[in-house]
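Protein chains: 2
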Amino acid sequence: MEIESFVIKSEGDWIAMRSGHSLAFKQFEEVISEIKIRLLKFDDYQVKDLLEKTGYSNSDFSKPFKIEWSAQSDWDQSTKDQELHGCSIFIPIEQNNSTGIFLKSKGYAEKIQAISDYLFLDDGTLVLSTVYENMMAEERIWFLNHNVRCRASVVRSIDSNAILQTSFTSEVRKLVS
Amino acid sequence: MEIESFVIKSEGDWIAMRSGHSLAFKQFEEVISEIKIRLLKFDDYQVKDLLEKTGYSNSDFSKPFKIEWSAQSDWDQSTKDQELHGCSIFIPIEQNNSTGIFLKSKGYAEKIQAISDYLFLDDGTLVLSTVYENMMAEERIWFLNHNVRCRASVVRSIDSNAILQTSFTSEVRKLVS
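Heads up: the sequence lines are chains D and F, in that order.
With my numbering as the guide, the letters of the first sequence map in order to residues 1 to 177.
With my numbering as the guide, the letters of the second sequence map in order to residues 1 to 177.
Accuracy of the hints is not assured; some may be wrong.
[Stated by the list, open to error] Each computed DSS-like pair below joins lysine-lysine, with the alpha-carbon atoms no more than 25 Å apart:
{"hint": "1", "chain 1": "F", "residue 1": "Lys26", "chain 2": "D", "residue 2": "Lys36"}
{"hint": "2", "chain 1": "F", "residue 1": "Lys9", "chain 2": "F", "residue 2": "Lys41"}
{"hint": "3", "chain 1": "D", "residue 1": "Lys174", "chain 2": "F", "residue 2": "Lys26"}
{"hint": "4", "chain 1": "F", "residue 1": "Lys9", "chain 2": "F", "residue 2": "Lys106"}
{"hint": "5", "chain 1": "D", "residue 1": "Lys48", "chain 2": "D", "residue 2": "Lys36"}
{"hint": "6", "chain 1": "D", "residue 1": "Lys26", "chain 2": "F", "residue 2": "Lys26"}
{"hint": "7", "chain 1": "D", "residue 1": "Lys26", "chain 2": "F", "residue 2": "Lys36"}
{"hint": "8", "chain 1": "D", "residue 1": "Lys26", "chain 2": "F", "residue 2": "Lys174"}
[As the list claims (entries may be wrong)] Which chain F residues stay away from chain D? Per the calculated CB distances, all over 12 Å, these:
{"hint": "9", "residue": "Gly12"}
{"hint": "10", "residue": "Arg38"}
{"hint": "11", "residue": "Asp43"}
{"hint": "12", "residue": "Lys48"}
{"hint": "13", "residue": "Tyr56"}
{"hint": "14", "residue": "Ser57"}
{"hint": "15", "residue": "Asn58"}
{"hint": "16", "residue": "Ser59"}
{"hint": "17", "residue": "Asp60"}
{"hint": "18", "residue": "Trp69"}
{"hint": "19", "residue": "Leu84"}
{"hint": "20", "residue": "Gln95"}
{"hint": "21", "residue": "Asn97"}
{"hint": "22", "residue": "Phe102"}
{"hint": "23", "residue": "Glu110"}
Source of the hints: derived by calculation from the structure; they are not laboratory data.
By construction, the Cβ of each residue, glycine as well, lies at the ideal position given by its N, Cα and C atoms.
Could you build all of it, start to finish, from the sequences and the hints given here?
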């Protein structure tokens, strides 16, 4: 169960350095965040709630988890409260050993409930693809070692297929002393 | 010949946005560069020279090419001339359809002649691994479409295996009007 071990390795507290690249404008964005990833119990009310809302109540699922983030951006102060703090519930549902879907209570490119397809590449990289209302996002996540994870993403417009932004995040595990 | 089509797709002029993450210090580096990638003739003197210097004169090789870069960094002005402009010759030598080596006249993590191992992941991502004197570098390069390439890299210390820096580059092809 490749997704289970990936989720278990991801659990913990992380400091994330994120760089966003707006390709059309050659603009960089830099954000440092704290991210908490916690496994949830199978009967957690938040899990039940998301399964019901997405119509997957009768499906087998593996390790559900919650991601909480809290970020400081170098961008406009006014957007900070609404976008840079938040949390989302994730429920993986396997199709086979290396592919499946993720139910998400809140998406990455658009902050709405979403369902992502996932697959694992042959080196263990997790690739997540999500279609939102106006955008499509692809994220690839891989471990450099037990304590460092990388995430590269691209967001495209659905109408034009134009690439709106790429981004890269280096995540370092906060070690408890 | 996966490497040949990758090199042919890469030929051209690119504008590159690069973000470097120094994990220990939580420091970001931002660089915008121009990159030119040009195929070389098999009998180009620069190709012959690199084959001789590396002891591969009798090997079959595929598409050799040259990368020239010219960058503007937000870092210390004094390092600019020595590191941010330069060129390197690359000669791919296939082992099988998806793995092989690259001879390089100048490396990425250390500016010395180097030999990299390469392999292709099942989604077409090229992964390059290079061992230098003091550091090891891994680069992964993939296309988002014909005109956008991404490169993610990690540099580790050989002694401690510590991760010194990660970086991510978004490369957009300059279209000739």
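For each hint, the structure was consulted:
1. F:Lys26 to D:Lys36: Satisfied, since the Cα-Cα distance of roughly 18 Å is no more than 25 Å.
2. F:Lys9 to F:Lys41: The given pair, whose Cα atoms are some 17 Å apart, holds under the 25 Å limit.
3. D:Lys174 to F:Lys26: holds, 13 Å
4. F:Lys9 to F:Lys106: Holds. F:Lys9 to F:Lys106 sits at ~22 Å (cutoff 25 Å).
5. D:Lys48 to D:Lys36: Roughly 21 Å between the alpha carbons, so the hint for D:Lys48 and D:Lys36 holds.
6. D:Lys26 to F:Lys26: Given pair D:Lys26, F:Lys26 holds - Cα atoms ~22 Å apart, limit 25 Å.
7. D:Lys26 to F:Lys36: holds, 18 Å
8. D:Lys26 to F:Lys174: holds, 13 Å
9. Gly12: holds, 16 Å
10. Arg38: F:Arg38 is indeed farther than 12 Å from all Cβ atoms of chain D, at 23 Å.
11. Asp43: Answer for F:Asp43: holds, closest chain D Cβ roughly 36 Å.
12. Lys48: Since the minimum Cβ distance to chain D is about 35 Å, F:Lys48 lies beyond 12 Å and the statement holds.
13. Tyr56: The assertion about F:Tyr56 holds, with a minimum of 27 Å to chain D.
14. Ser57: holds, 33 Å
15. Asn58: For F:Asn58, whose nearest Cβ neighbour in chain D is about 32 Å away, the distance exceeds 12 Å, so it holds.
16. Ser59: Its Cβ never comes within 12 Å of chain D, the nearest being 27 Å, so this holds.
17. Asp60: holds, 26 Å
18. Trp69: holds, 16 Å
19. Leu84: holds, 17 Å
20. Gln95: holds, 17 Å
21. Asn97: Given a closest Cβ separation of 14 Å, the condition holds.
22. Phe102: F:Phe102 clear of chain D: closest Cβ-Cβ about 18 Å, beyond 12 Å.
23. Glu110: Label holds. Min Cβ-Cβ 19 Å, cutoff 12 Å.
In summary, this structure violates none of the numbered hints.
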